[in-house]
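Place chain B on chain A using the hints.
Note that the protein sequences, when read in sequence, are chains A and B. Each step along the first sequence adds one to the number in numbering that gives the first Met the number 0, with nothing skipped, and position 72 is 71. Each step along the second sequence adds one to the number in numbering that gives the first Met the number 0, with nothing skipped, and position 538 is 537.
To be clear, the hints were calculated from the coordinates, so they are not data collected in a lab. Treat each hint with caution, since some may be false.
[Stated by the list, open to error] Covered stretches of chain A (chain B as the covering partner; in silico rule of three or more C-beta atoms under 8 Å from a C-beta of chain B):
(1) 187-200
(2) 249-256
(3) 318-325
Backbone N, C-alpha and C fix where the C-beta goes; we use that ideal spot for every residue, glycine too.
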Amino acid sequence: MHTAILKAPRAALAEYDQMLTWVVLALLCIGLVMVYSASIATAEDSKFTGFHPTYYLVRHGIFIFVGLAAGVAAFQVKVETWQKLAPWLFMAGVLLLVLVLIPGVGKSVNGSRRWLSLFVINLQPSELMKLFAVLYAADYTVRKGVVKHTFVKAFLPMFSVMGLVGALLLLEPDMGAFVVICSIAICTLWLGGFNLKVFGMLMFALPLAFVVLIGSSPYRMQRIKGFWDPWSDPFGKGYQLSHALIAFGRGEWFGVGLGASVEKLFYLPEAHTDFLLAVIAEELGFVGVCVVILLFAGVLVRAFAIGRQAAFLDRQFAALLAQGTAVWLAVQAMINIGVNMGVLPTKGLTLPFLSFGGSGVVVNCIAVAILLRIDWENRRMMRGQTI
Amino acid sequence: MSYNGALKTTGVVALPPWRSSLLFLVLLLGLCALVGRAVYLQGIHNDFLQQKGDARYGRTVDIVAHRGMITDRYGEPLAISTPVESVWASSQQDEAATPEQVRQLAQALGMDARDVKNRLFDDSRDFVYLKRQIPPEQAEKVVRLEVPGVSLHREYRRYYPGADMTAQLLGFTDVDDNGQEGIELALQELLSGKAGSERVIKDRRGHIVEDVASIRAPKPGSDLALSLDSKMQYLAFREIKLAVEQHHAKAGSIVVLDAKSGEVLALANWPSYNPNNRDKPATKMLRNRAVTDLFEPGSTIKPFTVATALEAGKFTPDSVINTENGVFTVGGRKIHDTHPYASLTVAQVIQHSSNVGAAKMGLSLSPETFGSSLSEAGFGTATGSAFPGEASGKLRDYHKWMPIEQANMSFGNGMSVNLLQLARAYTVFANGGELKPVSFLRQDAPGVGKRVFSETTAREVRDMLELVVQPGGTAPQAQIKGYRVAGKTGTAHKVEGGRYVDRYVASFVGMAPASNPRLIVAVMVDEPTGEYYGGLIAAPSFSNVMGSALRLLNVPNDAPLGNVMMPPAGDDAKEET
Numbered sequence: 000m001h002t003a004i005l006k007a008p009r010a011a012l013a014e015y016d017q018m019l020t021w022v023v024l025a026l027l028c029i030g031l032v033m034v035y036s037a038s039i040a041t042a043e044d045s046k047f048t049g050f051h052p053t054y055y056l057v058r059h060g061i062f063i064f065v066g067l068a069a070g071v072a073a074f075q076v077k078v079e080t081w082q083k084l085a086p087w088l089f090m091a092g093v094l095l096l097v098l099v100l101i102p103g104v105g106k107s108v109n110g111s112r113r114w115l116s117l118f119v120i121n122l123q124p125s126e127l128m129k130l131f132a133v134l135y136a137a138d139y140t141v142r143k144g145v146v147k148h149t150f151v152k153a154f155l156p157m158f159s160v161m162g163l164v165g166a167l168l169l170l171e172p173d174m175g176a177f178v179v180i181c182s183i184a185i186c187t188l189w190l191g192g193f194n195l196k197v198f199g200m201l202m203f204a205l206p207l208a209f210v211v212l213i214g215s216s217p218y219r220m221q222r223i224k225g226f227w228d229p230w231s232d233p234f235g236k237g238y239q240l241s242h243a244l245i246a247f248g249r250g251e252w253f254g255v256g257l258g259a260s261v262e263k264l265f266y267l268p269e270a271h272t273d274f275l276l277a278v279i280a281e282e283l284g285f286v287g288v289c290v291v292i293l294l295f296a297g298v299l300v301r302a303f304a305i306g307r308q309a310a311f312l313d314r315q316f317a318a319l320l321a322q323g324t325a326v327w328l329a330v331q332a333m334i335n336i337g338v339n340m341g342v343l344p345t346k347g348l349t350l351p352f353l354s355f356g357g358s359g360v361v362v363n364c365i366a367v368a369i370l371l372r373i374d375w376e377n378r379r380m381m382r383g384q385t386i
Numbered sequence: 000m001s002y003n004g005a006l007k008t009t010g011v012v013a014l015p016p017w018r019s020s021l022l023f024l025v026l027l028l029g030l031c032a033l034v035g036r037a038v039y040l041q042g043i044h045n046d047f048l049q050q051k052g053d054a055r056y057g058r059t060v061d062i063v064a065h066r067g068m069i070t071d072r073y074g075e076p077l078a079i080s081t082p083v084e085s086v087w088a089s090s091q092q093d094e095a096a097t098p099e100q101v102r103q104l105a106q107a108l109g110m111d112a113r114d115v116k117n118r119l120f121d122d123s124r125d126f127v128y129l130k131r132q133i134p135p136e137q138a139e140k141v142v143r144l145e146v147p148g149v150s151l152h153r154e155y156r157r158y159y160p161g162a163d164m165t166a167q168l169l170g171f172t173d174v175d176d177n178g179q180e181g182i183e184l185a186l187q188e189l190l191s192g193k194a195g196s197e198r199v200i201k202d203r204r205g206h207i208v209e210d211v212a213s214i215r216a217p218k219p220g221s222d223l224a225l226s227l228d229s230k231m232q233y234l235a236f237r238e239i240k241l242a243v244e245q246h247h248a249k250a251g252s253i254v255v256l257d258a259k260s261g262e263v264l265a266l267a268n269w270p271s272y273n274p275n276n277r278d279k280p281a282t283k284m285l286r287n288r289a290v291t292d293l294f295e296p297g298s299t300i301k302p303f304t305v306a307t308a309l310e311a312g313k314f315t316p317d318s319v320i321n322t323e324n325g326v327f328t329v330g331g332r333k334i335h336d337t338h339p340y341a342s343l344t345v346a347q348v349i350q351h352s353s354n355v356g357a358a359k360m361g362l363s364l365s366p367e368t369f370g371s372s373l374s375e376a377g378f379g380t381a382t383g384s385a386f387p388g389e390a391s392g393k394l395r396d397y398h399k400w401m402p403i404e405q406a407n408m409s410f411g412n413g414m415s416v417n418l419l420q421l422a423r424a425y426t427v428f429a430n431g432g433e434l435k436p437v438s439f440l441r442q443d444a445p446g447v448g449k450r451v452f453s454e455t456t457a458r459e460v461r462d463m464l465e466l467v468v469q470p471g472g473t474a475p476q477a478q479i480k481g482y483r484v485a486g487k488t489g490t491a492h493k494v495e496g497g498r499y500v501d502r503y504v505a506s507f508v509g510m511a512p513a514s515n516p517r518l519i520v521a522v523m524v525d526e527p528t529g530e531y532y533g534g535l536i537a538a539p540s541f542s543n544v545m546g547s548a549l550r551l552l553n554v555p556n557d558a559p560l561g562n563v564m565m566p567p568a569g570d571d572a573k574e575e576t
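Bound-form chain A, shown alone (with noise of 0.2 Å):
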């Protein structure tokens, strides 16, 4: 009889991952702060934002409340319906990365085509399919799995696909969110434990493929070029990224302080998308920094382990998805924080949770909802309960 009262909440608490929810509602709760900070000096003096310092903070708080919203319908869904849903949704996320093309519909920003403008909102296809080349990696993994030792029939379908989708990106252009949907391909085939000769192929064309990329274009070059040494051309090539550095190097241990960022005052461009970190660094010094990168690594382990639970069940689709989403959020973070911190060249990709945009939080949460779902569908399978 005590034992039972005792027992009885303890079980109520662990119905989802409690770690994964908090780390990631940090990680929001962080971003809205600080795209806050970074956005208010432009916000205020911008006749696009109508001179409202909050014009920043009021839509990514709306985006936010968005993305809990959709996550938590997201959460309702069953994974085996996701799995279902997995071809169709894909093909839906090529034919918005073809509309977003045709002009008149898509939307040019900064000489990027990416966005979809949907009478209010701007819906950025190119976030989706980030999801959705999670979705179908792992269902084609699953479905190709008995063939998966000839290259024909297992990689070249999946290799040519992502051909397309790669080419319609590059189009935009959209060189970050092809990276990433790349990434998610290959891992997801490497988990699914696909012939390991051509993967030992791979490891070779893949850097000549980036080269030949690259070279291929002047404005990817220059990114490049700007990457390698920013103090050559700081007001040029340089410009961006010699200013995100600067505010590391400001930032020290601790920080100038919240809201004491110099570099956000129209120094840094895109302080509050893609080089929101920077500002961090600045304002909250290495241990922000460290904060927030540790906040992502707790993602990745909680979504690893949420995979192989479900790789202990049997549940491969379940498994390679929460794994799949591991690497996307992980990899697309990566990058955000190597081009932040002069690692790697400028992409154009966001830091998933933090950075502004409306169709990235929203995305991001309902990735992290089908995660949720995945845990408690395990945790019930161990339970014996029906899902």
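Below, chain B without anything else, positioned relative to chain A:
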């Protein structure tokens, strides 16, 4: 368990756990590497990066030093630096001002809308002033408009409470607060102080967002007390303005000196201008005529001729001189007296301002004696006031004098003086023969004088000068109720292109109380129309200023209040030299 069943129908996929572990490890290592990079950037390489940042947005800016205040001798402010705002615009704007904002801004600044627009959208410059030095209340209006890119910049502007009263004396500063004329220029070093500088951080739009460090504190300029007495300055200015306007003269100047110390108590000119008004006045208004303009002094020199002759022992005040019925020929040139007399005593020569008498006394002296006596009285050399643009006056080298020149010089022709110089020269008669240095700054102790004449001579000449204002003299209008006055009129033809023309400078220099002079007042009116005699034009101004000034200083009377005796209408005032 239907789900698991469905999964298995698609084929058994074994997920190798080692691959998952390896991938997890690689991703975790990637995050660790980023932490390492953060340590490098934020803990090791940070000095270099901060240096780069400082080069981007760190700026050294000057801190304007507060310019010292100029006061009169009692601490009344004459020139004060007041804070004002300058409106400037930065062209580095994402958003441009709307046409409506431009219109409102132009209205607030009182400028042409097109002009404002041109400056606002001038992309060739990062920084452009829209309007400098506007009053705080106007600046507030501008701020309230919130036009993008428009900001204020604190500056100091000179304000002169005395306005046109002290205009030429004080001069003015330019828009950067540097002295351009007058005292402001002469004492620039003392007044300006030293600008400080500090290190600041500016945002990309040029606004200062943080004061990092003060490199050098600004050293404010010193406050300076002039010798001026603002009440006397007001009196002097009012009277000279009145005299010039009444006689439709071209210009006029007046100088009030402390007879004992040589300090300038008042110095005014008319026409004048308001230095608080930024509209550039005509150049002729800017000149401090009392110091920078020269004129032939005429009869006001006669006391020096007489004093030199007395000093040489050739005459006594009662010596009788044959004045030849008003016409005397020297070297083929005729010298005239307006009032012809057969003979006059030395005192009467001064009283009636006889040219013939003065010429005879001058000619009795060697050129060396006469010439060095005039030099010692300060003629032909600058007064030492250090006023910018002071004219020293002309006194020809006595080695080259011709007799006619020497004769002319005896009654002040053929030489030139400025009014300050003339007033100063009269300190010899006020101070027992000692010439005092003049000063525009308040002196703690009277300046050390230089003896020119003996005390007896000085007193004898002063007694003669008292006759000038008595009935029978040339300036009865110079009399003051309750005080004895000693002075001398001057009415001189102007010289244009080396020839005398029928235009005049009327002057009067005098001191009071004659028993122990406290003040010297010199008045000069340039080209009066109608009457032009010093006794009629300059003497009344002298009387008004001197009388009020003495009462202002509470100088005890040295004559009964009923001392003023006006002659029956006559033409004694007439003189022409």
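Taking the hints in turn, this is what the structure says about them:
Look at the stretch 187-200 of chain A against chain B: 4 of its residues bring a Cβ nearer than 8 Å to a Cβ of that chain, three or more, so the hint holds. Proximity of the stretch 249-256 of chain A to chain B, defined as three or more residues with a beta carbon under 8 Å from a beta carbon of that chain, is established by the 4 residues found. Counting residues of the stretch 318-325 of chain A whose beta carbon lies closer than 8 Å to any beta carbon of chain B gives 4, which reaches the threshold of three, so the coverage claim holds.
In this structure, none of the earlier numbered hints is contradicted; all agree with it.
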